[in-house]
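A.B. asks: Mind docking chain B with the ligands on chain A? Use the hints.
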Amino acid sequence: MSEKINLTINGIPLRVDQNTTILEAAEELSIKIPTLCHHKDLCVAGNCRVCVVEEVGVKKLPAACATPVHEGMEILTNSLKVRNSRKNIIELLLSEHNADCTKCYKNGNCELQTLAAEYKIINQEFIHLPDTKCYTIDEFSPSIIKDDSRCIRCQRCVRTCAEIQGVSALTVGYKGDHMKITTFFEKPIADVVCTNCGQCVNHCPTGALIEKNYIEEVWEAIADPKMHVVVQTAPAVRIGLGEELGFEPGSRVTGKMVSALKRLGFDAVLDTDFTADLTILEEGTELLTRLKKVLVDKDPDTHLPLATSCSPGWIKYIEHMYPEYLQNLSTCKSPQQMFGALVKTYYAKERNIDPANIVSVSIMPCTAKKFEANRPEMHDSGYRDVDFVITTRELAIMIKQAGIEFTHLPEEHYDKIMGDSTGAGVIFGATGGVMEAALRTAYEIVTGREVPFENLNITPVRGMDGVREATIKIENPLPDWSFLDGAELNCAIAHGLVNAKDLMDSIKSGKKSYHFVEVMACPGGCLGGGGQPIPTSPEIRQKRMEAIYAEDMDMPLRKSHDNPEVVHLYESFLEKPNSEKAHHLLHTKYVPRQRF
Amino acid sequence: MPKIKLAEKTINIVKEICAKYDNNEGELINVLHNVQAKLGYLPAEVQELIAKELNSSVAKVYGVVTFYSFFTMTPMGEFPISICMGTACYVRGAEQVLDEFKRQLKLEIGKTTEDGKFSISCLRCVGACGLAPVVMVGEKVYGRVSPQQVRKIIAEYQDGCPSS
Ligand code: SF4
Ligand code: SF4
Ligand code: FES
Ligand code: FES
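Residue numbers (our numbering), protein chains in the order written: chain A, 1 to 596; chain B, 1 to 164.
So here's chain A without its partners, still in its complex pose (with noise of 0.2 Å):
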């Protein structure tokens, strides 16, 4: 049993676990400290000052984020002298930031203007530096800008991509006045070993860390009437984007965000959910047929494990840090990629449609997608197979912008071809759906049967443990499988790239061998991406995972094998999962990277 300690915060008596900041305790009280460079998500670190509070008796004022209580300790959250000191230090941060706040694509959404309006910040105490010092704006990524006049050195962005992506491709540079968010060299992001992963945006409190966002182009393209525009949504988009639309956390919002979808002039609106089911029937092949090539043909040259590929931040991660392991990514192309590519080619068969006239849309709460579309591989149908990614942050700014009041839309569904999906689709949203979703499916090819879990609920891939494993126990195959009798399937997933990294050099070093194993680059997964609403953090995280196992609950098909238009794309089209056609559109390559 932890020790009990006793305070009060504005004369209110409470007690505590030790260990417990004065923060947390002040929560636990309702009462709310501002704070910049506290983050749920990172460390402490304690270098902005904005939380400081008043110990009675004491001269100093601490920081409530980065002070434990102590017995006896009277803490004022709102003195006279917090308020001044406070205020100061956000004047302080003001002066030397770029606070023309109406040109900042962050203007409603920073926490710093949030304080700056809550402690009227009118008259400017100090000068104003900005104009003095020579900052840069980095835009050659085209998935993130970094404007270094808008960052106020918090250094979130520094702890998230090495705690929580154990990247550390940002990195505090120089000190003093000098000091600056930096890179090796100070390259552009583009240039190092970033995976676009928007971990650093998400957790940006200011509007130094953006997404490139491509809204502009996207309303371009609506309003030509020679376009047929088309829309994909992710899955983790219908349980976030409520979020910044009114609701709380773990909203279901799918049928309102198709009516959106609509009403902003979408010539269809069809979902990632369904590539995803196709995912899986050609990964789960891939899976099948790698398995037969090692165990039964002892093939050298074929490698286990076979390792998820959706996450293109994984992918990069990989490409830089784990070159040695490429052959073992799955060449599945993420289920964005596969839409696009299918949307230029059987979409437009299908409808009769010059696919030089389609425009495809993807919405996804990923900014790694962004740079994902862009790579040169990413152009099978003939054409850019997904022309732009906007992120779940951006289709709620697009709604905004068209005026729809979202909490009164009617629910709407898909259109049909490439709209159908199953609940397995809508999982791959959370981390270990991918997962779960395969073996959904491999288990009921190579038995007949379906997976042995109530439900088709495999609960021991689920949760938000950094890295989890699971073995699943192949028994009475069919015939064709006969050589999987009594094998057990090895299975594990990480997400987070510090948490892929501990798979990884676990695998590297040999003290682990799987079969198949799950990477998402987000924490949580794509609920947790970088393109997601902010803020985030684990209790938000939390509400959207059950969010997405709730949706899968509803489906009325929840395996993908099946969804009758996938059923359909390979009878009409394909033919067969990783068929030549399949391999020349669905299946990409990967280029090994510079480690640093």
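Check the hints yourself; a few may be wrong.
Unchecked claim - Not everything, but these chain B residues come out facing chain A in the computed CB check (under 10 Å):
no., residue
1, Gln47
2, Ala51
3, Val61
4, Thr66
5, Phe67
6, Tyr68
7, Ser69
Stated by the list, open to error - Result set (DSBU-like, lysine-lysine): computed pairs, CA atoms no more than 30 Å apart in a straight line:
no., chain 1, residue 1, chain 2, residue 2
8, A, Lys501, B, Lys20
9, B, Lys15, A, Lys501
10, B, Lys106, A, Lys187
11, A, Lys511, B, Lys15
12, A, Lys175, B, Lys20
13, A, Lys589, B, Lys52
14, B, Lys15, A, Lys508
15, A, Lys180, B, Lys102
16, B, Lys52, A, Lys512
17, B, Lys102, A, Lys133
18, B, Lys52, A, Lys180
19, A, Lys187, A, Lys175
20, B, Lys15, A, Lys175
21, B, Lys38, A, Lys187
22, B, Lys111, A, Lys133
23, A, Lys81, A, Lys4
24, A, Lys175, B, Lys106
25, B, Lys52, A, Lys501
26, B, Lys5, A, Lys187
27, A, Lys175, B, Lys38
28, B, Lys5, A, Lys180
29, B, Lys52, B, Lys5
30, B, Lys111, A, Lys180
31, A, Lys589, A, Lys576
32, A, Lys508, B, Lys20
33, A, Lys501, B, Lys5
34, A, Lys180, B, Lys106
35, A, Lys175, B, Lys102
36, B, Lys38, A, Lys180
37, A, Lys187, B, Lys111
38, A, Lys508, B, Lys5
39, B, Lys52, A, Lys511
40, A, Lys473, A, Lys501
It is worth saying that the hints were derived from the structure and are not from the lab.
If you're wondering where the values come from, they're calculated on a predicted model, not measured in any experiment.
All C-beta atoms, glycine included, are put in the ideal place defined by N, C-alpha and C.
C.D. replies: For chain B with the ligands alone, kept in the frame of chain A given last:
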């Protein structure tokens, strides 16, 4: 940033130093210190190698290198000029001497002239306070230097080696 290929010898020096510190990331500062002592400076390629050996990130290494003004990323000049900024030298006008060097060579602290001849750095007390202010060019020590002497000192090295 042009890529230089590190010489085999340099690679080995760096690797040895990292190994001496058990390739431990926590020893980064010591490693950088030792490597700079051997190589004179820390170019990008050396930082990359150190990051690799210590299994750290290059950005982190770069962050540390830029944080401490002691570390330099440009090679020292053929004739490195060091000006003592210890208390004794300082009160006896080291700063004016430094300014004069900077002015004459059109050079900032930590930088090297384009022809690679001169670089300027500051030192803390070199233990010759009796001679303050003290300037060193390479190994050679100049005592009681006044700003007026600066031109003469530079001239000594201007055309190749000093006439010693
Ligand atoms: S870029 Fe954003 S997160 Fe990073 S230090 Fe600056 S303000 Fe903080
Ligand atoms: S996008 Fe991801 S990998 Fe790139 S700098 Fe940001 S957190 Fe690091
Ligand atoms: S939030 Fe506490 S010091 Fe920044
Ligand atoms: S202060 Fe310069 S030698 Fe001691």
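A.B. asks: Each hint needs a verdict: does it hold in this structure or not?
C.D. replies: Hint check results:
no., hint, verdict
1, Gln47, "holds, 8 Å"
2, Ala51, "holds, 6 Å"
3, Val61, "holds, 8 Å"
4, Thr66, "holds, 4 Å"
5, Phe67, "holds, 5 Å"
6, Tyr68, "holds, 8 Å"
7, Ser69, "holds, 8 Å"
8, A:Lys501 - B:Lys20, "holds, 26 Å"
9, B:Lys15 - A:Lys501, "holds, 24 Å"
10, B:Lys106 - A:Lys187, "holds, 27 Å"
11, A:Lys511 - B:Lys15, "holds, 27 Å"
12, A:Lys175 - B:Lys20, "holds, 29 Å"
13, A:Lys589 - B:Lys52, "holds, 26 Å"
14, B:Lys15 - A:Lys508, "holds, 22 Å"
15, A:Lys180 - B:Lys102, "holds, 26 Å"
16, B:Lys52 - A:Lys512, "holds, 24 Å"
17, B:Lys102 - A:Lys133, "holds, 23 Å"
18, B:Lys52 - A:Lys180, "holds, 24 Å"
19, A:Lys187 - A:Lys175, "holds, 18 Å"
20, B:Lys15 - A:Lys175, "holds, 28 Å"
21, B:Lys38 - A:Lys187, "holds, 27 Å"
22, B:Lys111 - A:Lys133, "holds, 21 Å"
23, A:Lys81 - A:Lys4, "holds, 29 Å"
24, A:Lys175 - B:Lys106, "holds, 24 Å"
25, B:Lys52 - A:Lys501, "holds, 15 Å"
26, B:Lys5 - A:Lys187, "holds, 19 Å"
27, A:Lys175 - B:Lys38, "holds, 25 Å"
28, B:Lys5 - A:Lys180, "holds, 29 Å"
29, B:Lys52 - B:Lys5, "holds, 16 Å"
30, B:Lys111 - A:Lys180, "holds, 21 Å"
31, A:Lys589 - A:Lys576, "holds, 21 Å"
32, A:Lys508 - B:Lys20, "holds, 25 Å"
33, A:Lys501 - B:Lys5, "holds, 29 Å"
34, A:Lys180 - B:Lys106, "holds, 27 Å"
35, A:Lys175 - B:Lys102, "holds, 23 Å"
36, B:Lys38 - A:Lys180, "holds, 29 Å"
37, A:Lys187 - B:Lys111, "holds, 21 Å"
38, A:Lys508 - B:Lys5, "holds, 29 Å"
39, B:Lys52 - A:Lys511, "holds, 22 Å"
40, A:Lys473 - A:Lys501, "holds, 27 Å"
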